[in-house]
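**Q** Read top to bottom, the protein sequences are chains H and G. Heads up: take any position in the first sequence, counting from 1, add 12, and you land on the numbering used here. Heads up: take any position in the second sequence, counting from 1, add 12, and you land on the numbering used here.
Careful, some of the hints might be misleading.
[Claimed, not checked] Some chain H residues near chain G, calculated using beta-carbon distances under 10 Å:
id, residue
1, ARG40
2, VAL49
3, TYR224
[Stated by the list, open to error] With beta-carbon atoms standing in for the labels, derived distance ranges:
id, chain 1, residue 1, chain 2, residue 2, range
4, G, GLY136, H, GLY154, 40 to 48 Å
5, H, GLN321, G, GLY391, 22 to 30 Å
6, G, VAL164, H, HIS400, 17 to 25 Å
7, H, SER374, G, ILE269, 53 to 61 Å
8, G, GLY391, H, GLY283, 38 to 46 Å
9, G, GLN15, H, GLU104, 33 to 41 Å
10, G, ALA335, H, GLN321, 27 to 35 Å
11, H, LEU100, G, ASP240, 53 to 61 Å
12, H, GLU405, G, GLU268, 17 to 25 Å
[As the list claims (entries may be wrong)] Computed list of chain H residues with no C-beta within reach of chain G, every gap over 10 Å:
id, residue
13, GLY56
14, ALA92
15, LEU116
16, GLU124
17, THR138
18, GLY143
19, THR194
20, ARG250
21, GLY265
22, LEU312
23, LEU326
24, GLY338
25, PRO378
I should point out that these hints are in silico values taken from the structure, not numbers from a laboratory. Since the structure is predicted, the reported quantities are computational estimates derived from the model, not experimental observations. Glycine included, each C-beta is placed from N, C-alpha and C at the ideal position.
There are 2 protein chains.
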Amino acid sequence: MVQGEIIATGTELITGRVADINARYAARRLHEAGLQVQAITLLGDRAPLFQEILTLALGRSRFIIITGGLGPTEDDVTVAAAAQALNLNLFEDEVLLARIRRCLKERGLPWEERYGRLAVIPQGATVLDPGGAACGFSLKHGDACLFFLPGVPQEMRTLFDAFVLPSLVDWTGGGECLCQRTLRLFGISEMQLQEVIATKAEFQQGVTVGYYPNFPENHLTLTVRGRDRRVLEETMDRLTACLAREVGEVLLGPEEIPLEDLVGRGLKEQGLTLAVAESCTGGLICHRLTNIAGASDYFLGGVVTYSNQAKMDLLRVPKEVLAQQGAVSAQTVQAMAQGVRGLFNAAIGLAVSGIAGPTGGSLEKPVGTVYIGLATSRGVQARHYLFHGTREEIKSLSAQTALDRLRRELKP
Amino acid sequence: MVQGEIIATGTELITGRVADINARYAARRLHEAGLQVQAITLLGDRAPLFQEILTLALGRSRFIIITGGLGPTEDDVTVAAAAQALNLNLFEDEVLLARIRRCLKERGLPWEERYGRLAVIPQGATVLDPGGAACGFSLKHGDACLFFLPGVPQEMRTLFDAFVLPSLVDWTGGGECLCQRTLRLFGISEMQLQEVIATKAEFQQGVTVGYYPNFPENHLTLTVRGRDRRVLEETMDRLTACLAREVGEVLLGPEEIPLEDLVGRGLKEQGLTLAVAESCTGGLICHRLTNIAGASDYFLGGVVTYSNQAKMDLLRVPKEVLAQQGAVSAQTVQAMAQGVRGLFNAAIGLAVSGIAGPTGGSLEKPVGTVYIGLATSRGVQARHYLFHGTREEIKSLSAQTALDRLRRELKP
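Pulled out of the complex, with its shape left as it was, chain H reads as follows (with noise of 0.2 Å):
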């Protein structure tokens, strides 16, 4: 298999100011589309150091992504080391340069001396140009590639998706592209979506998964590759169907969604609004759903009850209830979702009841013990869970498990 890898630099990496995103953000696409990467170096800004890594890498990996170094200030060092230890002139791409002229101008930023380093690079490199933002270059040297991409996330991405992974993959598979998709499941283990994979035959042959724990959920990504982008294409979609149908509703769907947005356009497409009552999640219910713009739209709003008298006074939690069931119970639930229903004119209220320790649990409703209840035009149910973790853990299971209640609740 082709071996490769990954050098970042920087001198923010090596004194631990900030997590290195890059090289794991590569490393990840990489693994997915079957390509190894065997070491990732980090690396200041010192141009030996440099140097001497960059040579070893050559002399075992038969690609090299770089990322960091290449701006216009003088301990961006990467182009200038690089040009020596590969042996290769440096030159000013006029193309370039005309394009950062362009760009300053555009932005309404005078030109300055130190622009003109932006414009050089080695010796037979090929500029990476996304349009609009910062353009890295590639190398062919002996047989190996390399890649020069720029430091800042967001640029460094647009390039990576744009231009390295899809040329390793046409170099290293004879002309072939990729597709992938990323999955979000909920309720379900890693091991268990892994016996649910084995047993599949569409996923034998030609399809990588990866795993990826994201608490609470899990991610999965499929990639396939190929010669016909429309024939992958289709088989994504054959793969994703099949999982569906083998795993049911704990697959919420494409990474891009997270499961407020999904609720959010459940509640839209059916003409709903929605208020929530919440004691244990302690707004983290509320605070998820107006993550997404233009949640206005169906969320009316909600309301924390911490102490018994605000579930009484606020929620109309009868007295009876909270003495004789306690406020973590089946029935302080469905009178909690019943009177924030009520409260805020909703058509659906949602509530949620538990104890998040560390203290509070008791033998019979241990730390954990969360109840959930859901008032529509239809009715009121409530359902009791026990979950396990520490406090933000607790919280964080019962605002997800709740929501999830909701989108399974508001499925046609």
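Position chain G relative to chain H; hints supplied.
**A** What follows is chain G alone, placed relative to chain H:
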């Protein structure tokens, strides 16, 4: 200056499945202590490449920290590979073996052959035993120091803090030790902070200052080295006090206490209760307050009033105020603060209303316009802010600013 490097092993690191945490943690702590890390290498579980990298590292670094691959399974190759590269024999450490047997027994687990691997270390190694948790070991090789640590982040940090950092500080400083403190600040930019520190003589000699952006806060790590721990701690208290005098209220306190905890402590000390009314923050303030265990002692609850109707019905915001001043106005947020204070019968009512975007802004009230209101027994006040950023950033800045206003209000 003494140069070192870090090698982190584990297939999950080079497939991008998980982010490296260990190397970054070590790099930051070392940098703060004045020790330079020149490279971080992430590798899979393949012995030959690890040996190649280790040999090269020995040629250029005085200390090398290696994490991962110390476990009992087949793919834990670090110990054997390192011994081979360093030309050292392996032996079974009897003390370590007895310790492993004792640990298994305490957890009620049966002995298995593979656990024997955990007691095998290179000749001349010193066991780093934190008591009751996973061990590591150190080695001297020529004039270099090597440290082998487990890959589980919590175990790695325990050993790093207890053994690696103190021994490197002692070794490079000729018997010195270290005192570090990380402080939270909100409402001051990194550049302003740098300017303040540049003018104060106290910080000019023998103090390392590290700046870490932690949106929406800035964190600052102070490090001093010396021979007498008591003197160092006094110096640290003096530095903290000096900083507090210079920057005033923007200093929140030590890293260990998040802002919502500071607010909670303030309320508890003064025997006050709190209720919160949120519009654009959408529940985030309540969520943060309830992340603190025991929040129910002072936090009574909150409302998320996304619609004008809810602002009128629940919080008794006058219809005329909403019609004349708008939902995002000083008058509305004052009425909301008073309304929620009355609704929950709380000592303090905190309210936020604003435009989180990306739509909903106008020339007069652009996206990012936020009002924060505070109602106490002494009356009600409101303040106007203009924040910049994405929807989530504006929510985050608004919630942080609201909590911070309350913190300042609670200051004795």
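**Q** Which of the listed hints are broken here?
**A** As far as the earlier hints go, 7, 13, 22, 23 are violated by this structure, in ascending order.
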